[in-house]
Amino acid sequence: MKLITAIVKPAKLEDVRAALVDVGIQGLTSSEVSGFGRQKGHTEIYRGAEYAISFVPKTKIEVAVADDQADAVIEAISGAAGTGNIGDGKIFVLDLGQAVRIRTGETGDEAL
Amino acid sequence: MTKIFKLTSIVALAATGVAFFIDPALAAEAKPKLDTGDTSWLLISTAIVLMMTIPGVALFYGGMTRKKNVLSVLMQSFAITCLISIIWMVIGYSLAFSKGGNAYVGNFDLAFLDHLTVGAINGTIPDSLFVVFQMTFAIITAALITGAVAERMKFSALLWFVGLWSLVVYSPVTFWVWGGGFLGDAGVLDFAGGTVVHINSGIAALVACIMLGKRKGYGVENLAPHNLVLTVIGGAFLWVGWFGFNAGSALGANGGAAMAMTVTQIAAAAAGLSWMFIEWVTHKKPTVLGIVSGAVAGLVAITPAAGFVGPKGALAIGLLAGLVCFWGATSLKHKLGYDDSLDVFAVHGLGGITGAILTGVFAVEAIGGTAGALEGNLAQIGTQLYGIAATIVWSAVATAIIIFVIDKTIGIRVDSDAEAEGLDLSQHGEIIH
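These protein sequences, in sequence, are chains V and L. Under the working numbering, the letters of the first sequence match residues 1 to 112, in that order. Under the working numbering, the letters of the second sequence match residues 113 to 545, in that order.
Some hints here could point you the wrong way.
Claimed, not checked - SDA-like cross-link-like pairs, simulated, lysine to any residue; straight-line CA separation at most 25 Å:
#1 V:K9 with V:E62
#2 L:K397 with L:G325
#3 L:K180 with V:A52
#4 L:K326 with V:I53
#5 L:K179 with L:E531
#6 L:K145 with L:V230
#7 V:K9 with V:G24
#8 L:K447 with V:I45
#9 L:K397 with V:G24
#10 L:K179 with V:I53
#11 L:K397 with V:G48
#12 L:K211 with L:G275
#13 L:K179 with V:E62
Hints listed in this document are in silico derivations from the structure and should not be mistaken for laboratory results.
Using the sequences and the hints, build the whole thing.
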């Protein structure tokens, strides 16, 4: 199993969700994060005091998938979240040691 | 005989008629009489001036602080409202408005408001109404200072400070200008509190924030306002409530009050525009914090002038106040390096000084009874400067002494950890979730 973590632009969350559902994903988790990469932050100004904000708001999506689904999921996310501009985000793939469905106690691929 | 009687009657009636034409008081008994129109307006004014503090000042400041300190700012405004109400009742009003003292401060004759009865009249309104109307001014003056010391002052020290300051600085200065003291006698024009409220609190704020020291991380960390929506709401409450502050200071529902309301609106609008435009030019973008701050600066500046100037004077006062206060908040502060968290000195101190001086320039005799420089009375500017100087000196010196004493006894600043944690949690055990 793999845990796929994607950092994407917040506006792309809905597109990514739809694309993942299309490839058969039945659940995911999203959270609001902030960070930076090559995309620079912005400047705010309050009564003449300038603040350079390095962090950019992003959305993190985590989805646990079976090994044979991983490539399709990566492709779905890339396609939906990409704009061609700096700041599109990144995808990280981690090995997932175990997964459990709490209600039934199912483990492994059945829990996904 | 009937003819003589008739003639005498006609002459007597004519004489009364002439006397009535010259002065109605001659035909009737000259005695203070309650005017329900004046009373209604002052009742409303009192309520909306209180609203200027809670939630006006509370939200205006609250939105500008960091999230971890918002509750502390709200708490300070609310606690000051409660504390100053009682202090005013117990002794503050007496020191400010009793007649038995000297040229500098009243005495204890009116302590605990024992003299108040339901029927007692002050001018054309109930005496108790005058007391509570003035109470709302004492409250907001103290609340304004909290902006400069925000995010690092100990709550207990703040309570001690405002309590003592209200007695030692606010009440005496009020007496000087409005209570029959030496500044009013000298002809200083201050319609609704340019010196008494704004210069007073602005100077106290400057001294207090310098003695308190800068916030941790000032100039390095992100101290950005956490929610300017609150600030705009607070600013709007201030603007609307200011009609009670300025027009209510006419102490009547009459043409003077209406003109005061009109010039107040013009000055606020003009200052909002001038701050917005100067910021647009110098910093490339017009900001919502800027326009709200500008409007407040205009309201501050028109405060001493509200009953003395006309619409064109108000326009000039507003435009200039926006520019002066913008400079104070964005340039002067950074050049001199003090941390006046929410620019109380720039807006209230400098705005009040600007307004007080310009009152001497733009005063129109036909409006408020005194001519200003533009009508040939150049000396009025000198008189205004005298009032400004007296207020600055007393407020600065007394504030410094009070802060010094409190710091040596209980300490005025929270410790470093408490400041980092946020005053909401460290001083009040509460947070915004």
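Hint check results:
no., hint, verdict
1, V:K9 with V:E62, "holds (14 Å)"
2, L:K397 with L:G325, "violated (31 Å)"
3, L:K180 with V:A52, "holds (20 Å)"
4, L:K326 with V:I53, "holds (22 Å)"
5, L:K179 with L:E531, "holds (13 Å)"
6, L:K145 with L:V230, "holds (13 Å)"
7, V:K9 with V:G24, "holds (22 Å)"
8, L:K447 with V:I45, "holds (17 Å)"
9, L:K397 with V:G24, "violated (47 Å)"
10, L:K179 with V:I53, "holds (17 Å)"
11, L:K397 with V:G48, "holds (11 Å)"
12, L:K211 with L:G275, "holds (23 Å)"
13, L:K179 with V:E62, "violated (29 Å)"
Of the numbered hints listed earlier, those contradicted by the structure are 2, 9, 13.
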